[in-house]
Amino acid sequence: GEDVEQSLFLSVREGDSSVINCTYTDSSSTYLYWYKQEPGAGLQLLTYIFSNMDMKQDQRLTVLLNKKDKHLSLRIADTQTGDSAIYFCAESSTDKLIFGTGTRLQVFP
Amino acid sequence: GAVVSQHPSWVICKSGTSVKIECRSLDFQATTMFWYRQFPKQSLMLMATSNEGSKATYEQGVEKDKFLINHASLTLSTLTVTSAHPEDSSFYICSTREGESNQPQHFGDGTRLSIL
Numbered sequence: 001g002e003d004v005e006q007s008l009f010l011s012v013r014e015g016d017s018s019v020i021n022c023t024y025t026d027s028s029s030t031y032l033y034w035y036k037q038e039p040g041a042g043l044q045l046l047t048y049i050f051s052n053m054d055m056k057q058d059q060r061l062t063v064l065l066n067k068k069d070k071h072l073s074l075r076i077a078d079t080q081t082g083d084s085a086i087y088f089c090a091e092s093s094t095d096k097l098i099f100g101t102g103t104r105l106q107v108f109p
Numbered sequence: 110g111a112v113v114s115q116h117p118s119w120v121i122c123k124s125g126t127s128v129k130i131e132c133r134s135l136d137f138q139a140t141t142m143f144w145y146r147q148f149p150k151q152s153l154m155l156m157a158t159s160n161e162g163s164k165a166t167y168e169q170g171v172e173k174d175k176f177l178i179n180h181a182s183l184t185l186s187t188l189t190v191t192s193a194h195p196e197d198s199s200f201y202i203c204s205t206r207e208g209e210s211n212q213p214q215h216f217g218d219g220t221r222l223s224i225l
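Chains A and B, in that order, are what the protein sequence lines are. With the first letter of the first sequence counted as 1, position 109 gets the number 109 in my numbering; the numbers rise by one all the way through. In my numbering, each number is its position in the second sequence, counted from 1, plus 109.
Quick caveat, the hints were computed from the structure, so don't treat them as lab data. Treat each hint with caution, since some may be false.
[Stated by the list, open to error] The calculated SDA-like cross-link candidates involving lysine to any residue, where the alpha carbons are at most 25 angstroms apart (straight line), are:
1) LYS175/B with PHE108/A
2) LYS150/B with LYS56/A
3) LYS150/B with ARG75/A
4) LYS56/A with THR158/B
5) LYS150/B with GLY40/A
6) LYS96/A with LEU155/B
7) LYS36/A with GLN147/B
8) LYS56/A with VAL112/B
9) LYS123/B with GLY40/A
10) LYS96/A with ASP197/B
11) LYS56/A with PRO213/B
12) LYS96/A with GLN151/B
13) LYS96/A with THR140/B
14) LYS173/B with GLN106/A
15) LYS150/B with ASN52/A
16) LYS96/A with GLN212/B
17) LYS36/A with THR158/B
18) LYS36/A with LYS123/B
[What the hints assert, rightly or not] One side of the interface only, derived from the structure: several residues of chain A facing chain B at Cβ under 7 angstroms:
19) GLY42
20) LEU45
21) LYS96
22) LEU97
23) PHE99
24) GLY102
Backbone N, C-alpha and C fix where the C-beta goes; we use that ideal spot for every residue, glycine too.
Turn these sequences into a full structure, and let the hints steer you where they fit.
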């Protein structure tokens, strides 16, 4: 079945850029998403990209998609302590979302 | 503002109790809603797809009689955990989407269920 993988943990200094990576196996993915989850809360949609796009930028967030390698990344510029959370990538080719394992981002002063 | 309202946010109850969780779509009518379960430090697992006016579609391994889903209106889906036991303790999250499939799903704030 479809599989989505992420590294488990990322630690960055406040003000630096963070890059969270994701790989997926479903070649028929049509949309790819990034969600943020803070402790004890639901998921907040950050951004998403259609599979025929290579890049999407939204303020501090930049999403890069390499469809050939099935690799998705999320870059957060000028990372702040409030960005500390778990970040999930997800892909869909049907009605369902397939989530990655989540990357815990820790931002230190 | 919030697109999805989920209630309650936290439930503690005795083993054998049935617990109902509500998921409301605030900004749009949702013919389809989704119910997920999340174990500590793990990803989300889709339990079922809730369809307005028809039966829910359950994922493999999810007991239909244990997790009852009702989607009686275009803005409300409910998940009832029947005769809950400690192994049912988990974080349950619902989501909705507007319109066609592949539109982004918007998530509720989740319900933490603790069965004693």
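Status of the hints after comparison with the structure:
About 43 angstroms separates the Cα atoms of LYS175/B and PHE108/A, which puts this hinted pair outside 25 angstroms; it is violated. For the given pair, LYS150/B sits about 29 angstroms from LYS56/A by alpha-carbon distance, which is inconsistent with the 25 angstroms threshold. Using a Cα cut-off of 25 angstroms, the hinted pair LYS150/B and ARG75/A holds, with the two alpha carbons roughly 23 angstroms apart. At most 25 angstroms may separate the alpha-carbon atoms for a hinted pair to count; LYS56/A and THR158/B exceed this at roughly 29 angstroms.
For the proposed pair LYS150/B and GLY40/A, the alpha carbon gap of about 11 angstroms is at most 25 angstroms, so the pair holds. For the proposed pair LYS96/A and LEU155/B, the alpha carbon gap of about 8 angstroms is at most 25 angstroms, so the pair holds. This hinted pair checks out: LYS36/A and GLN147/B have alpha carbons roughly 14 angstroms apart, not beyond 25 angstroms. Restraint check: the Cα-Cα separation between LYS56/A and VAL112/B comes to about 23 angstroms, which is no more than 25 angstroms; the hinted pair holds.
With a C-alpha separation of about 22 angstroms, the suggested pairing of LYS123/B with GLY40/A holds against the 25 angstroms cut-off. Between the alpha carbons of LYS96/A and ASP197/B the distance comes to roughly 23 angstroms, so the proposed pair stays at or under 25 angstroms and holds. The hinted pair formed by LYS56/A and PRO213/B meets the criterion: a straight-line CA distance of about 15 angstroms does not exceed 25 angstroms. Simply put, LYS96/A and GLN151/B have alpha-carbon atoms about 18 angstroms apart, close enough for the 25 angstroms limit, and the pair holds.
For the hint pairing LYS96/A with THR140/B, the CA-to-CA distance comes to about 14 angstroms; that is within 25 angstroms, so the pair holds. At most 25 angstroms may separate the alpha-carbon atoms for a hinted pair to count; LYS173/B and GLN106/A exceed this at roughly 39 angstroms. A hinted pair counts as satisfied when its Cα atoms are at most 25 angstroms apart, and LYS150/B with ASN52/A does not qualify at roughly 32 angstroms. As the CA atoms of LYS96/A and GLN212/B are separated by approximately 11 angstroms, the hinted pair is consistent with the 25 angstroms bound.
As the CA atoms of LYS36/A and THR158/B are separated by approximately 22 angstroms, the hinted pair is consistent with the 25 angstroms bound. A threshold of 25 angstroms between alpha carbons decides the hint, and for LYS36/A with LYS123/B the separation of about 32 angstroms lies outside it, so the pair is violated. Residue-level restraint check for GLY42/A holds (minimum Cβ-Cβ distance to chain B is 4 angstroms; threshold 7 angstroms). Interface hint at LEU45/A: satisfied, since its Cβ lies 5 angstroms from the closest Cβ of chain B, which is below the 7 angstroms cut-off.
Residue-level restraint check for LYS96/A holds (minimum Cβ-Cβ distance to chain B is 6 angstroms; threshold 7 angstroms). Nearest Cβ of chain B to the Cβ of LEU97/A: about 6 angstroms, under the 7 angstroms cut. The hint holds. Given hint, PHE99/A at the interface with chain B, holds; its Cβ is 5 angstroms from that chain's nearest Cβ, closer than 7 angstroms. The restraint placing GLY102/A at the interface with chain B holds, with a minimum CB-CB distance near 5 angstroms, inside the 7 angstroms limit.
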